[in-house]
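All residue numbers for the sequence shown refer to the UniProt record's numbering, where the first residue is 1 and numbers rise by one.
A hint or two may mislead.
[Unchecked claim] With beta-carbon atoms standing in for the labels, derived distance ranges:
| no. | residue 1 | residue 2 | range |
| --- | --- | --- | --- |
| 1 | Arg64 | Asn3 | 27 to 33 Å |
| 2 | Ala48 | Arg70 | 17 to 23 Å |
| 3 | Leu96 | Thr71 | 34 to 40 Å |
| 4 | Ser38 | Val98 | 17 to 23 Å |
| 5 | Leu69 | Gly137 | 19 to 25 Å |
| 6 | Ala113 | Leu69 | 35 to 41 Å |
What the hints contain is simulated information worked out from the structure, not anything from laboratory work. In this text, a Cβ means the ideal position worked out from N, Cα and C, and glycines have one as well.
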Amino acid sequence: MQNSNLTRLAIAATLHCLSGCAIGEVLGMVVGTALGWSALATVLLSVALAFLFGYALTVRPVLRSGLPLRTAIGVALAADTVSIAVMEIVDNAVMLAVPGALTAGLADWLFWASLLLALAVAFVVTVPVNRALIGRGRGHAVAHRYHHGADHDSASSGTGADHPGAPAGHDHHAGR
Numbered sequence: 001m002q003n004s005n006l007t008r009l010a011i012a013a014t015l016h017c018l019s020g021c022a023i024g025e026v027l028g029m030v031v032g033t034a035l036g037w038s039a040l041a042t043v044l045l046s047v048a049l050a051f052l053f054g055y056a057l058t059v060r061p062v063l064r065s066g067l068p069l070r071t072a073i074g075v076a077l078a079a080d081t082v083s084i085a086v087m088e089i090v091d092n093a094v095m096l097a098v099p100g101a102l103t104a105g106l107a108d109w110l111f112w113a114s115l116l117l118a119l120a121v122a123f124v125v126t127v128p129v130n131r132a133l134i135g136r137g138r139g140h141a142v143a144h145r146y147h148h149g150a151d152h153d154s155a156s157s158g159t160g161a162d163h164p165g166a167p168a169g170h171d172h173h174a175g176r
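Using the sequences and the accompanying hints, generate a full structural model.
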C-alpha cells in the first residue's frame, strides 16, 4: 500500500477510535460528577466507558458481516485495544498535566478546553501507532476485513485492497 493511503487509513481509524473514546470520556465525566464521585473514580469510569464505546463502534459493523457476537467481540478486541489504550493513556496524562483540569466542573471552560487539548494530543500520538499496526495487518486492519458486510470467508483475499488482508473493493476507505 502506498504511504499516503496507509496514512489516510490510519487517520480514519484514529478518528473512529477518538469517537468512542470521546463518548466514553464525556459520559464518564458527566456520570461521575453527577454522582459526586472522586476524580480518580470518575477517570476510571471514563476510561472503562471509552473502551466500551470504542469496542461497540467496531462490533456493530463487524456483526453486519454475519459473524457471531462472540467472534465480533474478539475482532474488536484485536482491532482496537492498542489504539484505545494509547489514546486513553495520552488523554489522561494531558488532563493530569493541566493544573485543575480534573477538578474543574462540567460547567467550567477549563475542563472542556483541557479535554479538547487532551483528545487532540491523543489523536496526534495515536495516528502513527495505528499506521504501524495497519501496515502490519493488525489493529484496525483486522476489523476492516469485515466492514460493510464483507464475506468473512473471503476477507483475506487482499486483491485490490487498500491494506493487507482487506477484501477487494474496499479501496475507498483509503481515500481512493
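Okay, the hints, checked on the actual structure:
1. Arg64 <-> Asn3: 27 to 33 Å: 30 Å, holds
2. Ala48 <-> Arg70: 17 to 23 Å: Once the Cβ atoms are compared, 21 Å apart, the range 17 to 23 Å for Arg70 and Ala48 holds.
3. Leu96 <-> Thr71: 34 to 40 Å: Holds, since Leu96 and Thr71 (Cβ atoms, about 37 Å apart) stay within the stated range.
4. Ser38 <-> Val98: 17 to 23 Å: Once the Cβ atoms are compared, 18 Å apart, the range 17 to 23 Å for Val98 and Ser38 holds.
5. Leu69 <-> Gly137: 19 to 25 Å: 24 Å, holds
6. Ala113 <-> Leu69: 35 to 41 Å: About 39 Å separates the Cβ atoms of Ala113 and Leu69, which means 35 to 41 Å holds.
The structure fails none of the hints (numbered hints given earlier).
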